[in-house]
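Number of protein chains: 4
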Amino acid sequence: MYKDSIVLLEGAIDEIKLKLDLIRKNKIIKNERDPISYITSRIKTEESMKQKLMRKNIPINLDNALNKVYDAAGIRIICSYVDDVFEMANILKQYDDMEVIKEKDYIKNPKSNGYRSYHLILKVPVNIERNVKKVYVEVQIRTIAMDFWASLEHEMKYKKNIKSQEMIVNELKRCADESATMDIDMMSIRKMIDEYD
Amino acid sequence: MYKDSIVLLEGAIDEIKLKLDLIRKNKIIKNERDPISYITSRIKTEESMKQKLMRKNIPINLDNALNKVYDAAGIRIICSYVDDVFEMANILKQYDDMEVIKEKDYIKNPKSNGYRSYHLILKVPVNIERNVKKVYVEVQIRTIAMDFWASLEHEMKYKKNIKSQEMIVNELKRCADESATMDIDMMSIRKMIDEYD
Amino acid sequence: MYKDSIVLLEGAIDEIKLKLDLIRKNKIIKNERDPISYITSRIKTEESMKQKLMRKNIPINLDNALNKVYDAAGIRIICSYVDDVFEMANILKQYDDMEVIKEKDYIKNPKSNGYRSYHLILKVPVNIERNVKKVYVEVQIRTIAMDFWASLEHEMKYKKNIKSQEMIVNELKRCADESATMDIDMMSIRKMIDEYD
Amino acid sequence: MYKDSIVLLEGAIDEIKLKLDLIRKNKIIKNERDPISYITSRIKTEESMKQKLMRKNIPINLDNALNKVYDAAGIRIICSYVDDVFEMANILKQYDDMEVIKEKDYIKNPKSNGYRSYHLILKVPVNIERNVKKVYVEVQIRTIAMDFWASLEHEMKYKKNIKSQEMIVNELKRCADESATMDIDMMSIRKMIDEYD
Numbered sequence: 000m001y002k003d004s005i006v007l008l009e010g011a012i013d014e015i016k017l018k019l020d021l022i023r024k025n026k027i028i029k030n031e032r033d034p035i036s037y038i039t040s041r042i043k044t045e046e047s048m049k050q051k052l053m054r055k056n057i058p059i060n061l062d063n064a065l066n067k068v069y070d071a072a073g074i075r076i077i078c079s080y081v082d083d084v085f086e087m088a089n090i091l092k093q094y095d096d097m098e099v100i101k102e103k104d105y106i107k108n109p110k111s112n113g114y115r116s117y118h119l120i121l122k123v124p125v126n127i128e129r130n131v132k133k134v135y136v137e138v139q140i141r142t143i144a145m146d147f148w149a150s151l152e153h154e155m156k157y158k159k160n161i162k163s164q165e166m167i168v169n170e171l172k173r174c175a176d177e178s179a180t181m182d183i184d185m186m187s188i189r190k191m192i193d194e195y196d
Numbered sequence: 000m001y002k003d004s005i006v007l008l009e010g011a012i013d014e015i016k017l018k019l020d021l022i023r024k025n026k027i028i029k030n031e032r033d034p035i036s037y038i039t040s041r042i043k044t045e046e047s048m049k050q051k052l053m054r055k056n057i058p059i060n061l062d063n064a065l066n067k068v069y070d071a072a073g074i075r076i077i078c079s080y081v082d083d084v085f086e087m088a089n090i091l092k093q094y095d096d097m098e099v100i101k102e103k104d105y106i107k108n109p110k111s112n113g114y115r116s117y118h119l120i121l122k123v124p125v126n127i128e129r130n131v132k133k134v135y136v137e138v139q140i141r142t143i144a145m146d147f148w149a150s151l152e153h154e155m156k157y158k159k160n161i162k163s164q165e166m167i168v169n170e171l172k173r174c175a176d177e178s179a180t181m182d183i184d185m186m187s188i189r190k191m192i193d194e195y196d
Numbered sequence: 000m001y002k003d004s005i006v007l008l009e010g011a012i013d014e015i016k017l018k019l020d021l022i023r024k025n026k027i028i029k030n031e032r033d034p035i036s037y038i039t040s041r042i043k044t045e046e047s048m049k050q051k052l053m054r055k056n057i058p059i060n061l062d063n064a065l066n067k068v069y070d071a072a073g074i075r076i077i078c079s080y081v082d083d084v085f086e087m088a089n090i091l092k093q094y095d096d097m098e099v100i101k102e103k104d105y106i107k108n109p110k111s112n113g114y115r116s117y118h119l120i121l122k123v124p125v126n127i128e129r130n131v132k133k134v135y136v137e138v139q140i141r142t143i144a145m146d147f148w149a150s151l152e153h154e155m156k157y158k159k160n161i162k163s164q165e166m167i168v169n170e171l172k173r174c175a176d177e178s179a180t181m182d183i184d185m186m187s188i189r190k191m192i193d194e195y196d
Numbered sequence: 000m001y002k003d004s005i006v007l008l009e010g011a012i013d014e015i016k017l018k019l020d021l022i023r024k025n026k027i028i029k030n031e032r033d034p035i036s037y038i039t040s041r042i043k044t045e046e047s048m049k050q051k052l053m054r055k056n057i058p059i060n061l062d063n064a065l066n067k068v069y070d071a072a073g074i075r076i077i078c079s080y081v082d083d084v085f086e087m088a089n090i091l092k093q094y095d096d097m098e099v100i101k102e103k104d105y106i107k108n109p110k111s112n113g114y115r116s117y118h119l120i121l122k123v124p125v126n127i128e129r130n131v132k133k134v135y136v137e138v139q140i141r142t143i144a145m146d147f148w149a150s151l152e153h154e155m156k157y158k159k160n161i162k163s164q165e166m167i168v169n170e171l172k173r174c175a176d177e178s179a180t181m182d183i184d185m186m187s188i189r190k191m192i193d194e195y196d
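Quick mapping for you: the protein sequence lines, in order, are chains A, B, C and D.
If you read the first sequence in numbering that gives the first Met the number 0, its first letter stands for residue 0, the second for the next number, and so on.
If you read the second sequence in numbering that gives the first Met the number 0, its first letter stands for residue 0, the second for the next number, and so on.
If you read the third sequence in numbering that gives the first Met the number 0, its first letter stands for residue 0, the second for the next number, and so on.
If you read the fourth sequence in numbering that gives the first Met the number 0, its first letter stands for residue 0, the second for the next number, and so on.
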């Protein structure tokens, strides 16, 4: 089951990467700034896919893996500036061949721990020979600073003896605010620079 | 003009490469033989694109470069065995989102100099943000032996003082026949081996 | 001249990248944290190589391009945390087959505009068949935050009408301090997290 | 044990690939023909490494895996023409930092089944931080035709019920001779073409 789904999930990721690649090249030949700093992607492991289905009390099979798990395929788009994040979200929402299933703006409304990011669930058609399947992909769009913070916060989740450490949680929250301020400051400076020839 | 066309031509090549990649991965997870040995691609240079338009007495601009030149974007699919070449041609002709514009089977009907290959001109949709353009791609499908022969024959074309050398031309023709025989022999042996567990 | 130097300069960059790659893989199999976030590299363009030699009143030829220009080949190592920057600098300084020519710690002593980074000039042996040439490579090691700041400051340098804009310069300086603080804060949190199982 | 050896084995392969890459680039800037068509590489699996040590009655550990197995790391260099194969072998034997441990010319002296290829066992220094280890790499150099034949012969070995099939063995032997003739013919034609401007 997992092997079959992998081909489809990777195919869906590659479809979006191809679109992103064309967006970037097109900006560059028009002498516009590349809004993307870099892109990463991942497929959920077999183990964590099964656990997700089990938690939801859904039978474990290929169709359910593809139809009931929205984040089996994930793409992360890292932008330099906050306005680039929103621009990329808008561009991705406009394609005729992809459907927007869900949308969450954790930048205007950060999570309580300080997490910021723009999330989209897209439904992407994948062609294999004569078959077309629709596959869900979770796209997370964020700045470099948001991504760095998220990677640190993520590390904390892997430590089992750390849960009650209020100090770390508070420090992380404070750093999230600090980093949000810096994102705004850097963007403001860039906008000032942009006004000159 | 050239820079704008490059993004579209590369986009079209990438669309087909993505399809080929999915075909191969899908074969592999099904424990079938990968019919493709390797893939190469190229974009016509600006100079040779202009010359082609000039030879045809067509004004040099982006639309003509995209609509009147069929081989501005080229993909070459190298297969191990002759039957894989025909299988790949059949698969590529079946996609609903690509149109077959032209088709030449230089394997059943080799050129007089000995050239063998299967040629397809496909019309491929390329999405850039909200715009969709149709772009021509020439796909050449051949065996390793056909490809090796073609690369040697190609080298001869670059020598200006060589034209009248009948001996080389004859030797090349003889080698083309030799290599066609070997392609059949190797495929026959593979088919014999395939019958065993 | 330029083409010949390119092979050597790229060779020197690839030698260092191979070393960095082995360092990372070795950390990962030992279950240690990968100190490197990502690596970029560039070769100086022919134009800017010539200008540098001209400014120094040195004849333009291959030997001078390789012997008098220290930053013709450049590698940038981006680390997540400040302590990783110093660790990477220490590791790179210990190889028997590379010589440290120059060393600048702009992290302990930032430039007046706010620029922070650790710079090394290394002399690297490059083997081409039986020939060995020593080639200089400038290695810049910095955190993600230092790199982001530097890319914004760099953009300002390309604007010719911007020079007197004291406000932007002051804002950039303030952001550099802000980002240095964040680098320390993030590292402190990581160290707190590291203490737990 | 296996994980540790992997880093060293991959490092040794990468060292040789870097050398090959520089040889090719250097040929190209000198407007000489690239002698290499393409390169592949592989690391022996843990299972087959253990079996090899067991067959030799040698204790299974990292040192033995690195010191007693000569083909744990393998590189295959595929050339277009037979003379390129010998040129590449000569170049690789001349490096001061690599030692030639073994050398087999199965082109002048093909195996009885028809196998042709040039084999080298090289001892390659791999630097990880301050440590230098010497690692064996088996290099197989062959033409496209030799490689294609070998891949078909290899497929036969995986079929357990095929052993007594004399006809296939004979056909393979005949094809090996045929393909050796073609290698010579193609090289002869190339040499004739090379004589012209």
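Simulated from the structure, these hints should not be mistaken for laboratory data.
Don't take every hint at face value.
One copy or two, either will do: identical chains are not told apart, so a pair holds if it fits within one copy or between any two.
What the hints assert, rightly or not - Below, computed lysine-lysine pairings styled on DSBU-like, alpha-carbon distance capped at 30 Å:
{"hint": "1", "residue 1": "K159", "residue 2": "K16"}
{"hint": "2", "residue 1": "K158", "residue 2": "K16"}
{"hint": "3", "residue 1": "K16", "residue 2": "K190"}
{"hint": "4", "residue 1": "K92", "residue 2": "K110"}
{"hint": "5", "residue 1": "K133", "residue 2": "K159"}
{"hint": "6", "residue 1": "K110", "residue 2": "K26"}
{"hint": "7", "residue 1": "K103", "residue 2": "K122"}
{"hint": "8", "residue 1": "K55", "residue 2": "K159"}
Hints versus structure:
In this homomeric assembly, K159 and K16 never come within 30 Å of each other (Cα to Cα): the closest approach is 35 Å inside a single copy and 36 Å across copies. Taking identical chains as interchangeable, the C-alpha atoms of K158 and K16 are never at most 30 Å apart, the minima being 33 Å within one chain and 32 Å between chains. With identical chains, the CA atoms of K16 and K190 are at most 30 Å apart within one copy only, with a shortest distance of 28 Å there and 35 Å across copies. Only within a single protomer do K92 and K110 lie at most 30 Å apart by alpha-carbon distance; the minimum there is 23 Å, versus 43 Å between protomers.
In this assembly of identical chains, the alpha carbons of K133 and K159 never lie at most 30 Å apart, being 37 Å within a copy and 41 Å across copies at closest. For the homomeric pair K110 and K26, neither the shortest alpha-carbon distance inside one copy (32 Å) nor that between copies (33 Å) is at most 30 Å. For the homomeric pair K103 and K122, the shortest alpha-carbon distance inside one copy (15 Å) is at most 30 Å, but the shortest distance between copies (37 Å) is not. In this assembly of identical chains, the alpha carbons of K55 and K159 lie at most 30 Å apart only when taken from the same copy (24 Å versus 46 Å across copies).
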